[in-house]
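S.K.: For reference, the chains in residue letters:
Number of protein chains: 2
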Amino acid sequence: MLFPLVINFFMAVICYIITVRLIPRLKDKFIKANLFGIDMSKTTSDKIPESLGVVTGCTFLITMFLFIPVPFGNSLLYKANFPQDEFVKYIAALLSICCMLFLGFADDVLDVPWRHKLLLPTIASLPLLMVYYVSFNSTTVIVPKPLRDMFGTSVDIGLFYYLYMGMLAVFCTNAINILAGVNGLEVGQSVVIGLSIIIFNVIELFGNLSKAHQFSLYFMMPYVAASLALLKHNWYPSSVFVGDTFCYFSGMTFAVVAILGRFNKTALLFFIPQVFNFLYSAPQLFKLVPCPRHRLPKFNSKTDRMECSLVVFKYSEINVLGKLCLTIFRKLKLIQWKEKSDTIITNNFTLINLVLLYTGPLHEAKLTSYLIAIQVACSVLALIIRYPFAWIFYDV
Amino acid sequence: MLFPLVINFFMAVICYIITVRLIPRLKDKFIKANLFGIDMSKTTSDKIPESLGVVTGCTFLITMFLFIPVPFGNSLLYKANFPQDEFVKYIAALLSICCMLFLGFADDVLDVPWRHKLLLPTIASLPLLMVYYVSFNSTTVIVPKPLRDMFGTSVDIGLFYYLYMGMLAVFCTNAINILAGVNGLEVGQSVVIGLSIIIFNVIELFGNLSKAHQFSLYFMMPYVAASLALLKHNWYPSSVFVGDTFCYFSGMTFAVVAILGRFNKTALLFFIPQVFNFLYSAPQLFKLVPCPRHRLPKFNSKTDRMECSLVVFKYSEINVLGKLCLTIFRKLKLIQWKEKSDTIITNNFTLINLVLLYTGPLHEAKLTSYLIAIQVACSVLALIIRYPFAWIFYDV
Numbered sequence: 020m021l022f023p024l025v026i027n028f029f030m031a032v033i034c035y036i037i038t039v040r041l042i043p044r045l046k047d048k049f050i051k052a053n054l055f056g057i058d059m060s061k062t063t064s065d066k067i068p069e070s071l072g073v074v075t076g077c078t079f080l081i082t083m084f085l086f087i088p089v090p091f092g093n094s095l096l097y098k099a100n101f102p103q104d105e106f107v108k109y110i111a112a113l114l115s116i117c118c119m120l121f122l123g124f125a126d127d128v129l130d131v132p133w134r135h136k137l138l139l140p141t142i143a144s145l146p147l148l149m150v151y152y153v154s155f156n157s158t159t160v161i162v163p164k165p166l167r168d169m170f171g172t173s174v175d176i177g178l179f180y181y182l183y184m185g186m187l188a189v190f191c192t193n194a195i196n197i198l199a200g201v202n203g204l205e206v207g208q209s210v211v212i213g214l215s216i217i218i219f220n221v222i223e224l225f226g227n228l229s230k231a232h233q234f235s236l237y238f239m240m241p242y243v244a245a246s247l248a249l250l251k252h253n254w255y256p257s258s259v260f261v262g263d264t265f266c267y268f269s270g271m272t273f274a275v276v277a278i279l280g281r282f283n284k285t286a287l288l289f290f291i292p293q294v295f296n297f298l299y300s301a302p303q304l305f306k307l308v309p310c311p312r313h314r315l316p317k318f319n320s321k322t323d324r325m326e327c328s329l330v331v332f333k334y335s336e337i338n339v340l341g342k343l344c345l346t347i348f349r350k351l352k353l354i355q356w357k358e359k360s361d362t363i364i365t366n367n368f369t370l371i372n373l374v375l376l377y378t379g380p381l382h383e384a385k386l387t388s389y390l391i392a393i394q395v396a397c398s399v400l401a402l403i404i405r406y407p408f409a410w411i412f413y414d415v
Numbered sequence: 020m021l022f023p024l025v026i027n028f029f030m031a032v033i034c035y036i037i038t039v040r041l042i043p044r045l046k047d048k049f050i051k052a053n054l055f056g057i058d059m060s061k062t063t064s065d066k067i068p069e070s071l072g073v074v075t076g077c078t079f080l081i082t083m084f085l086f087i088p089v090p091f092g093n094s095l096l097y098k099a100n101f102p103q104d105e106f107v108k109y110i111a112a113l114l115s116i117c118c119m120l121f122l123g124f125a126d127d128v129l130d131v132p133w134r135h136k137l138l139l140p141t142i143a144s145l146p147l148l149m150v151y152y153v154s155f156n157s158t159t160v161i162v163p164k165p166l167r168d169m170f171g172t173s174v175d176i177g178l179f180y181y182l183y184m185g186m187l188a189v190f191c192t193n194a195i196n197i198l199a200g201v202n203g204l205e206v207g208q209s210v211v212i213g214l215s216i217i218i219f220n221v222i223e224l225f226g227n228l229s230k231a232h233q234f235s236l237y238f239m240m241p242y243v244a245a246s247l248a249l250l251k252h253n254w255y256p257s258s259v260f261v262g263d264t265f266c267y268f269s270g271m272t273f274a275v276v277a278i279l280g281r282f283n284k285t286a287l288l289f290f291i292p293q294v295f296n297f298l299y300s301a302p303q304l305f306k307l308v309p310c311p312r313h314r315l316p317k318f319n320s321k322t323d324r325m326e327c328s329l330v331v332f333k334y335s336e337i338n339v340l341g342k343l344c345l346t347i348f349r350k351l352k353l354i355q356w357k358e359k360s361d362t363i364i365t366n367n368f369t370l371i372n373l374v375l376l377y378t379g380p381l382h383e384a385k386l387t388s389y390l391i392a393i394q395v396a397c398s399v400l401a402l403i404i405r406y407p408f409a410w411i412f413y414d415v
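Protein sequence lines correspond, in order, to chains L and V. Start counting the first sequence at 20; every next residue gets the next number (our numbering). Start counting the second sequence at 20; every next residue gets the next number (our numbering).
For the record, the hints were derived by calculation from the structure and aren't laboratory data. Don't be surprised by glycine CBs; every beta carbon is placed ideally from N, CA and C. Among these hints, one or two may not hold up.
To be verified - Covered stretches of chain L, going by a simulated chain V footprint (3 or more residues, C-beta under 8 Å): (1) 48–62; (2) 79–90; (3) 101–107; (4) 120–127; (5) 144–151.
Just chain L, same shape as in the assembly (with noise of 0.2 Å):
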């Protein structure tokens, strides 16, 4: 078992090595083809190189392609026995991957409309979901201690199973994409998520589903290692900017490894601020408080420091549901708020912005930091709520 995975990290800090050393090479093409970004908060207004995700994307999934035969070792060369079903799992994983890759960066070469962002992550998982359902088709959902009585030890959800999965592609692909704005925060965040999730898997590596945490720890390592050779391009000050291209490659690839390695419910814990940092976006997502085009921090270029961006509107503007979404902020305290007869002034409702509120202006890289603190502790509560917490609340 362990054989297959020692040569998967080597292949992993092999992939790491030639990514970042690619990533700078091809900048310039990047460049050239009217791919890049000014980045608003610098003083400068260098051409940055956009969308260098699809370098890590592309070699990511060419580490994938050679790694495939490694696990299946001997029933390659006695073919009697060969496992067809594994083998799919890898294919499928890669097929959602490649296409999501690929969606991803037409994404960002063409504009793709917002409704679009919806449906194809949907499609692009179907290969997945279809593997899912002819390989387990486990459907059921272990129900809590407390709620027993009423339901039973174990609910079969059913379509529903399926509709989380589907759900869950899609939110992964958008998530990541919705939390960025300041150096490094897409990929720093990925990579702790992908850290996260190695490290869940080790410590299931030797329980009942080992066969399917090996499965994910082989595409979590190189993907982790890939990331970081794109982490170390675009950290403070970004000499690359990642675009929609990673974070759509990212999620896909973590909605695969939850869903074929089985712990899709408790991936879903490694998004702690992804799905905070959403439900406090909604209100302006979905139009209920304006959104302005851009919601990134300001860059103050005086102090060189980041500060929380401001939204301004009449507060006589806002229907219903908006202003008891405004109340409930304002309660828990997370938005600033002043008010000049009907003017509303506060802050645009981004995990970003709020740990701004908090902590007054910072520079760019300590706001990532800070940031990427908040994943790590997110996680370290995610394992918490897995292990000690599960315990009282199921049988373990």
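Based on the hints, put chain V in the right spot on chain L.
M.R.: Leaving out everything else, chain V in the frame of chain L:
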């Protein structure tokens, strides 16, 4: 057996209808993304959107994703005997196609160096070859009757068989790409090849390898439908260009059905014009004879006709191998030849120029039609070689 084919046919029709409507709507997005070209064979200099093959590829992939469950109908409901080995072929085929579509698009956007164009299809075909290995691993070639005294009835060529299949993928993806340059030619030839494969599959549908040919039809019908939709917009005068994306996508789709449909030798027969064009181009591609950046035929705006494009060089600067090629081509009357002391004027070595050499200047639409007619004639020839002719050399 017929039911999934009927469903597939109707899905192909729907795929055509959607693609044909989608392409004109997305044109502006491509131009905005800097993906456009100027048609050098027109008097106007409008921006023509480039790489629209990516739309065709996407609608094809989505159609296939939605189709996958159909052929498994009953075994999906009673999962006891689910044919994992059949299922994995679909997934691996789509993985290779999706990979190639992605690489083609990346090439269009980023301009991948030439040597990668040979490396990437090889990598993209790895999952395919692995599936071939675990599913069939038949590497035996039937020996033609006249040679049986020397080699026996069949020869197991082992690894070389895989090498051949890998090279088939590289050849298919590049062969269509180099027989290009006049409106509608890339898609036109691909549609003819696709239809030829469909005819061949239908002929073989009731033979020994019925399942394999059915598999091929499932891919070819939506492929031809999506490509026809593209052809409608790419035909003279082109309102969209197809890009390397389309050539890569097509080449890989053909390689996939040829390999997993188990007719990888017959498939090559449908590429006669491409093989000829490749051999004819080889002296220029390998720089034995000077190769200008563009070898397209020349547009004469006064007559609105296409003319042979010429190349001028000093005979004394050509090496021995180059001189040998030139002599052979002259003997076979494949090139025109004007010499003035040491200076040579001849045409560029492409099938398109060769046609113009024999017909004289032609209107662009007529030139494409002639080239497509050659493709059709070669497909008829291919079927003659495959059937009446094969009976002489093989026991059928």
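S.K.: With reference to the structure, classify each hint as holding or not holding.
M.R.: Going down the list of hints, with the structure as the test:
1. 48–62: holds (count 6)
2. 79–90: holds (count 6)
3. 101–107: As far as the segment 101–107 of chain L goes, the hint holds, because 5 residues have Cβ atoms under 8 Å from chain V.
4. 120–127: holds (count 4)
5. 144–151: With 4 residues in contact (Cβ-Cβ under 8 Å with chain V), the coverage given for the segment 144–151 of chain L holds.
The structure shown violates none of the earlier numbered hints.
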